[in-house]
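Novice: Sequence:
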Amino acid sequence: MMNKMIVANLVHRPIRSVISIVAIALEVTLILLIVGLSLGMLSDSRQRQAGIGADVIVLPPGSSAIVSITGAPAPIKVADILAKLPHVEKVSPVLMQVSTSGTLEAIYGIDLPSYETLGGPFTYIHGGRFQGPYDALADDYFAQSKHVKVGDTIEILNQNFRVAGIVAHGKGARKFVPITTLQDLVGAQGKASAFYLKLDDPNNADAVVNEIKNVPGMSTYVVRSMREYLSMMTPSTYPGLRTFINVVVGISVTIGFIVIFQAMYTAVMERTREIGILKSMGASKFYIVNVILRETVLLAVGGIIVGILFSLVARTGIHQRLPTLPVVVTGGWILRATVIAIVGAIAGALYPAFKAAQKDPIDALAYE
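Position one of the sequence shown corresponds to residue 1416 (the numbering used here), numbered consecutively onward.
Treat the hints with care, as some may be off.
What the hints assert, rightly or not - Derived PhoX-like pairs (lysine-lysine); straight-line CA-CA distance at most 25 Å:
| # | residue 1 | residue 2 |
| --- | --- | --- |
| 1 | Lys1613 | Lys1492 |
| 2 | Lys1628 | Lys1492 |
| 3 | Lys1499 | Lys1628 |
Unchecked claim - Quick list of the computed label-pair ranges, beta carbon to beta carbon:
| # | residue 1 | residue 2 | range |
| --- | --- | --- | --- |
| 4 | Thr1669 | Thr1635 | 42 to 48 Å |
| 5 | Gly1605 | Ala1583 | 28 to 34 Å |
| 6 | Ile1666 | Pro1631 | 38 to 44 Å |
These are calculated hints, taken from the structure and not from any lab test.
Glycine residues also receive a C-beta, built at the ideal position from the N, C-alpha and C atoms.
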């Protein structure tokens, strides 16, 4: 009986019900898409670092946890020192430069022969290796999003480069140029941002890390096994990311709270006589509160379902149009968004519910 009455109340006021559902859907979508975009970019960065195939990474002193903004203060000759250490088979210096032209991205200057010894050669979908100093490689996601083909000219750091090859994504950056060319462009001749090491056995990574730290002059360098480095790539270690996620969640909860509060408060005011009739028939305060909160939960569930579906559709659309912007919608965050939406909606309905329960039945019946 109660459930039929609740559904009838919602159907009787379709516009308000739809607005409430849309508001909850917006709250859920905001959480899933923005948080999913943040986590997707982090996950993508982690996967691309893993795809390089190195076992140990060596960064200059004072380097950021975010490898792409490390800078280039280390002499490239450090590679020769590292190559002489036990268990080290290959060393590849990489110069990284962040570009903010259009989108924020990291450009890798690489020594192609040594870079391909780390995790195997690039998979060339079209074209091939560098043929000159102003040739570039682009991954397939970048090429798809920008409609770039082999032989096209792209601008990197205000310099035109010919696309020599389009490679499969997942090996560090999305754009690669010869390291000597990038050194000249950014004024970092003879410098590198990171050194990737390939070992004879990945299980020797910890021993090599300790060995590097004992090399004279290398004690201040940031040296980690790739296993340890990848495990550190979490929201809590990236500056401001956790705070950003908390702000997004806070804004989403506020949206849901305000809309539900207004909808339920208005509904209570409009149903004063109805509430009076219920109370005159013996309905308890708990019964009245229960009715209001059940309506709220039903609206929240409808909004959650719509929000999840919209988020999944939007994720697919974003991937099709902007493959370089991955969105990760996980089951864990779907559950969190569900709980957040329901708790926020109930919190918004509590005051209207208790206000309804406190109404005097005589006054309510006399209300016009």
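Novice: Next, verify each hint and record whether it holds.
Specialist: Hint check:
1. Lys1613 <-> Lys1492: Holds, at about 17 Å.
2. Lys1628 <-> Lys1492: 17 Å, holds
3. Lys1499 <-> Lys1628: Holds: Lys1499 and Lys1628 sit about 14 Å apart, inside 25 Å.
4. Thr1669 <-> Thr1635: 42 to 48 Å: Given a distance of about 45 Å, which is inside 42 to 48 Å, the answer is holds.
5. Gly1605 <-> Ala1583: 28 to 34 Å: Holds, at about 31 Å.
6. Ile1666 <-> Pro1631: 38 to 44 Å: 52 Å Cβ-Cβ, so the 38 to 44 Å window is violated.
When held up to the earlier numbered hints, the structure conflicts with hint 6 and nothing else.
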